[in-house]
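Q: Turn these sequences into a full structure, and let the hints guide you.
Residue numbers (our numbering): 910 to 1259.
Incorrect hints may have been included.
What the hints assert, rightly or not - Across the chosen pairs, the derived CB separations fall in these ranges:
#1 T1121 x P1162: 17 to 27 angstroms
#2 T1125 x R1197: 21 to 31 angstroms
#3 D1046 x N1193: 44 to 54 angstroms
#4 R1118 x E1020: 33 to 43 angstroms
Hints listed in this document are in silico derivations from the structure and should not be mistaken for laboratory results. Ideal placement from N, C-alpha and C gives every residue a C-beta, glycine not left out.
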Amino acid sequence: MTRLLSFPGPLLAALFLLVIAASKVTAGELHATPAQAPTAAPRAPMMDVARAGDRIVAVGDHGVVLLSDDDGQSFRQARSVPVSSLLTGVAFADARHGWAVGHWGVIVATEDGGETWTLQRVDTAVDRPLFSIVMLDGREGVAVGLWSLILRTTDGGATWTAVTVPSPPEGGRADRNLFHVFPTGGRSLMVAAERGTVLASDDGGLTWRYRTTGGTGSLWTGTTLDDGAILVGGLRGRMFRSDDHGATWQALPLEGTESVTAIRDFGAGAVAVVGLDGMTARSNDGGRHFRTRIRDDRLALTAILETRAGPLLLSDQGVGGGGGARPPPAPSSRPPPGGGGVYPPPTAGP
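A: Next up, the structure:
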């Protein structure tokens, strides 16, 4: 098989560069080939992580899917993945049923907690990547991607149907890149998108409307906190908060200009943020104020997950923030500038 796309590690973490590269490529010779089984799979660039019950499932480059059954202490590769394209997002409805999306519009599904995967969708005509997926339950879900691509399923992925996205407020066609879809309560969803905008749906992804945050850059990620507040972040360290379901937004002060790639609510007011160039940030007041640190290794951090031992980081160097299964323990108070790690939540521990 001819290799059509090749990305160095840091490029994989920079989602906006992925979009630029993908938007310039068309191909008609792609054939789905199984994921490789490299000996250094835990060091493959990883893009997203989710829980399948007690198991941790991470996805990344070359179709690599990593599984941990000891809360992130060690990882092994999934037994069977039918594609070798970059996987960018993963979501589980329960401990056994999960879905992952990626380049070439790939959607793969598992019914055994990530051990084996089957192909549900691939578009060989053009590399129009899917970046993110959310499942409302075991049957209903939404995937989003390049050029305002939104796909929806109501049968667990047996079929995926394109959703018509309305024209943006300024007119013209709907062509914004949609980077991250996440739930905001009930059947409501939100998508972090380009040009400082988000898309919102109150009917499980059937219809969408635009909301502006007041920013102008791309928004790469978002989450809903326990109290219902919504946080989004992206290019050049811009973050915004809404306390009224996206109707209005307030800019959040975040030190530095390192781009935000993931936001995670750890509960009890603790919110963790990671980004490019080793950026980590921590809030103890429900995402209203953050303290920022830059790791010495300056890794392109792509995702974060809470574990009993503290935050688990993913990056362009694999799981654990540097190729190992665990990040180094983070101190409980702020270190001098230049330290590494993420502030753990107060409740983290064995």
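Q: Are the hints correct? Go through all of them and say.
A: Going down the list of hints, with the structure as the test:
Against the hinted window of 17 to 27 angstroms, the Cβ-Cβ separation of T1121 and P1162 comes to about 20 angstroms, which satisfies the hint. The hinted range of 21 to 31 angstroms is satisfied by T1125 and R1197, whose Cβ atoms lie roughly 23 angstroms apart. Remark: the range hint 44 to 54 angstroms for D1046 to N1193 is contradicted by a beta-carbon distance near 33 angstroms. The supplied range of 33 to 43 angstroms is met by R1118 and E1020, whose beta-carbon atoms lie about 34 angstroms from each other.
Checked against the numbered hints above, the structure breaks only hint 3 and satisfies the rest.
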